[in-house]
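Chain order of the listed sequences is A and B.
So for the first sequence, this note's numbering puts the first residue at 1; every next one is plus one.
So for the second sequence, this note's numbering puts the first residue at 1; every next one is plus one.
Hints may contain errors.
[As the list claims (entries may be wrong)] Simulated crosslink set (BS3-like; lysine-lysine; CA at most 27 Å straight-line): (1) K44/A to K27/A; (2) K52/B to K44/A; (3) K44/A to K68/B; (4) K49/B to K44/A; (5) K62/A to K44/A; (6) K27/A to K68/B; (7) K27/A to K60/B; (8) K62/A to K27/A; (9) K44/A to K56/B.
[As the list claims (entries may be wrong)] Calculated from the model, a selection of chain A residues having no Cβ within reach of chain B, i.e. all distances over 12 Å: (10) G3; (11) V4; (12) R78.
Hint data in this document are derived by calculation from the structure and do not stem from the laboratory.
C-beta atoms are modelled at their ideal positions from N, C-alpha and C, and glycine is treated no differently.
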Amino acid sequence: NAGVMQNPRHLVRRRGQEARLRCSPMKGHSHVYWYRQLPEEGLKFMVYLQKENIIDESGMPKERFSAEFPKEGPSILRIQQVVRGDSAAYFCASSPPLAGGIEQYFGPGTRLTVT
Amino acid sequence: GDSVTQMEGPVTLSEEAFLTINCTYTATGYPSLFWYVQYPGEGLQLLLKATKADDKGSNKGFEATYRKETTSFHLEKGSVQVSDSAVYFCALRGVTGANNLFFGTGTRLTVIP
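Using the sequences plus the hints, can you model the full thing?
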């Protein structure tokens with residue numbers, strides 16, 4: 001059973017461009033979480049999604065950031081008009097249904113660098 | 001709100017030394033508590049967990065006991081190895097309905113031969 005997959009692993013964008021980060025959860029997992037890790041800091045929750053639904057986006061900036069988890073395909077975290085402060089590692093985690101988020105399995109992360 | 005306070009690092013130990021990384025939390029009720037480990041360039045891996053008071057989580061020689069009276073979940077290992085060098089994160093999942101994890105700032109451990 002493959003683990004959580006994220007791509008790309010590294011992404012470089014110029015200020016003002018768009019960044020699209022993808023996350024494929026583990027097989028059988030229908031819940032996805034996105035976290036952001038700034039340099040030398042812990043992970044901060046951004047958004048929690050189930051298939052076709054955003055359940056909790058309380059940690060996501062109101063501007064420029066959006067997330068989706070379509071019925072088919074990976075979850076996408078989209079950052080429009082990136083700024084230098086968006087440079088961070090973005091981690092996706094997934095959990096199976098009925099686990100209540102107790103078991104979250106993390107992907108390797110996407111390291112975004114904004115130049 | 002829910003939060004985790006973790007001992008700041010970095011921590012440098014010699015091989016076979018005893019390790020303690022302190023973690024305390026603030027939460028209502030009985031949250032679930034976790035330790036995650038992050039090796040260089042990789043994502044987080046669940047190291048151990050405890051879901052109720054007095055539970056002891058253990059894995060790969062690491063242990064942590066859920067202490068409700070002191071709101072703590074300190075990580076310990078009796079004899080560290082060079083391969084334990086990594087960043088360790090304490091985390092909690094609250095009971096208020098949100099499923100997300102709250103993380104501490106991480107403690108970088110370096111074990112020297």
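To see whether the hints hold, each was checked on the structure:
no.	hint	in the structure
1	K44/A to K27/A	holds, 25 Å
2	K52/B to K44/A	holds, 24 Å
3	K44/A to K68/B	holds, 24 Å
4	K49/B to K44/A	holds, 19 Å
5	K62/A to K44/A	holds, 15 Å
6	K27/A to K68/B	violated, 35 Å
7	K27/A to K60/B	holds, 26 Å
8	K62/A to K27/A	violated, 31 Å
9	K44/A to K56/B	holds, 26 Å
10	G3	violated, 9 Å
11	V4	violated, 8 Å
12	R78	holds, 19 Å
Figure legend: structure checked against the earlier numbered hints; hints not met, in rising order: 6, 8, 10, 11.
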